[in-house]
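Work the whole structure out from these sequences, hints included.
Number of protein chains: 4
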Amino acid sequence: MRFPIEVRYNDYDTKGHINNAVYLTYFEIARARAWLEAMRGDPDFPFVVAEAQIKYVSEGMIGEPIDIEIGTTEVRNKAWVWTYIIRCQRDNRVVAEGSTVQVMFDYASRRTIPIPDDVRGALALV
Amino acid sequence: MRFPIEVRYNDYDTKGHINNAVYLTYFEIARARAWLEAMRGDPDFPFVVAEAQIKYVSEGMIGEPIDIEIGTTEVRNKAWVWTYIIRCQRDNRVVAEGSTVQVMFDYASRRTIPIPDDVRGALALV
Amino acid sequence: MRFPIEVRYNDYDTKGHINNAVYLTYFEIARARAWLEAMRGDPDFPFVVAEAQIKYVSEGMIGEPIDIEIGTTEVRNKAWVWTYIIRCQRDNRVVAEGSTVQVMFDYASRRTIPIPDDVRGALALV
Amino acid sequence: MRFPIEVRYNDYDTKGHINNAVYLTYFEIARARAWLEAMRGDPDFPFVVAEAQIKYVSEGMIGEPIDIEIGTTEVRNKAWVWTYIIRCQRDNRVVAEGSTVQVMFDYASRRTIPIPDDVRGALALV
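Chains as they are written, first to last, in this note's numbering: chain A, 4 to 129; chain B, 4 to 129; chain C, 4 to 129; chain D, 4 to 129.
Read the hints as simulated data drawn from the structure, not as lab findings. Any given hint might turn out to be false.
No copy labels: a pair is met if it fits in one copy or bridges any two.
[As the list claims (entries may be wrong)] Below, in silico cross-link-like pairs of lysine-lysine (BS3-like), each with a Cα-Cα straight-line distance of 30 Å or less:
#, residue 1, residue 2
1, Lys18, Lys81
2, Lys81, Lys58
3, Lys18, Lys58
See the structure below:
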């Protein structure tokens, strides 16, 4: 799945760059979009993020329109990996890329749980 | 260096957790503090962040006071690694840990540059 | 001008509401859009915000798609007023409404300046 | 009550100013502090913000340490007004000032309620 990110003026820092922490928010926007579109899931996510990593490949500058791509790259028993690439729409260059590990979580019992079958099926579509 | 983080109400998400992206902001607060205290540096950082990674070890919940520790764990020619541990002040448990790679950057010429000697000396103090 | 806002998961607070401060960011998104579309202006705004006020009319809840409307409601010599209404797309109810006062600013001389004619003309289109 | 704000690097915008929306977050930090210190209240606030207004009096620039003052300026049956002044610690000049109206809220029944006596007493201390 690939779609544009609505960059906000206050995502930029004093240098006119997208702030490094904001990219994790872009990853979260992609997760929300994937979750809602492929899985028609609850916007209040039933999983937790266990790990995140990111490489800042080129400068994301003020005024540049950007896209994000999200894909499922690994599915385990309770956890899965989503991988992200953020590109400038103008020249398609990579601005940042990274991944996050999600763990299925039951907020009622506050425990991790195996990935349900419907989620497992939907993950293949992302 | 270890010091408390002033957690903000809007750092919390719908689950009452500190949002996953906000931890990178806490890393940035630690960088700013290290930069200003050990190096008496310009608050407008003369470096860029090239990589970040984080593990979310336990849930950081609303109302819990937290500390962050930052240490220099590697120094190269142009780049260095800072490592972070975020702990709950009450039980000292680890909430999150991670690292970032910084590259010295000359914003005038927009190029990476070798770490100056005074910065190299100061990095040893963090 | 009226358009949808891309709400982010971390705009929500512990109650599942859009956080009160985030609405000013939505106002800023509307300003950016107006500035770029009606005025084809620099994304690095040449004005400062002098005042803001907002009424939180109904609860903006997680999962609700929202729109923002922006209109120019007053133009003075150096300053103008933009007024905003945020509505839920589902039932068109008002979630929040407010206004901001902008003052034209020359960042080179760091002084307020009269509104240039081209900006004045474009303000009439918002 | 007056206390320092821990300004974060990503509070600053491309101009090196504190972003206009972030000031409402500073007001929220002051509310949290007042609520916890004067009222020993739940960090998950039992009230909603109904209105906010702010004047941006002077530029809050990168590197400037700032303080916030919060005071209770009006108490009604269900609602009260908190007023804020943000000052630069160096020259004590006013950077911004504003106010918010809070309404006591019962999240279980989702209704506004009269201010309880213990809260009313504590409001006098802020």
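When no copy is named, should Lys18 and Lys81 be tagged within, between, both, or neither for a Cα gap of at most 30 Å? Between copies only: 20 Å across chains, 40 Å inside a chain, cut-off 30 Å.
When no copy is named, should Lys18 and Lys58 be tagged within, between, both, or neither for a Cα gap of at most 30 Å? Cα proximity of Lys18 and Lys58: in one copy and across copies (18 Å, 26 Å).
Given identical chains, is Lys81 near Lys58, meaning Cα to Cα at most 30 Å, within a copy, between copies, both, or neither? both (26 Å within a copy, 17 Å between copies)
Checked against the numbered hints given earlier, the structure satisfies every one of them.
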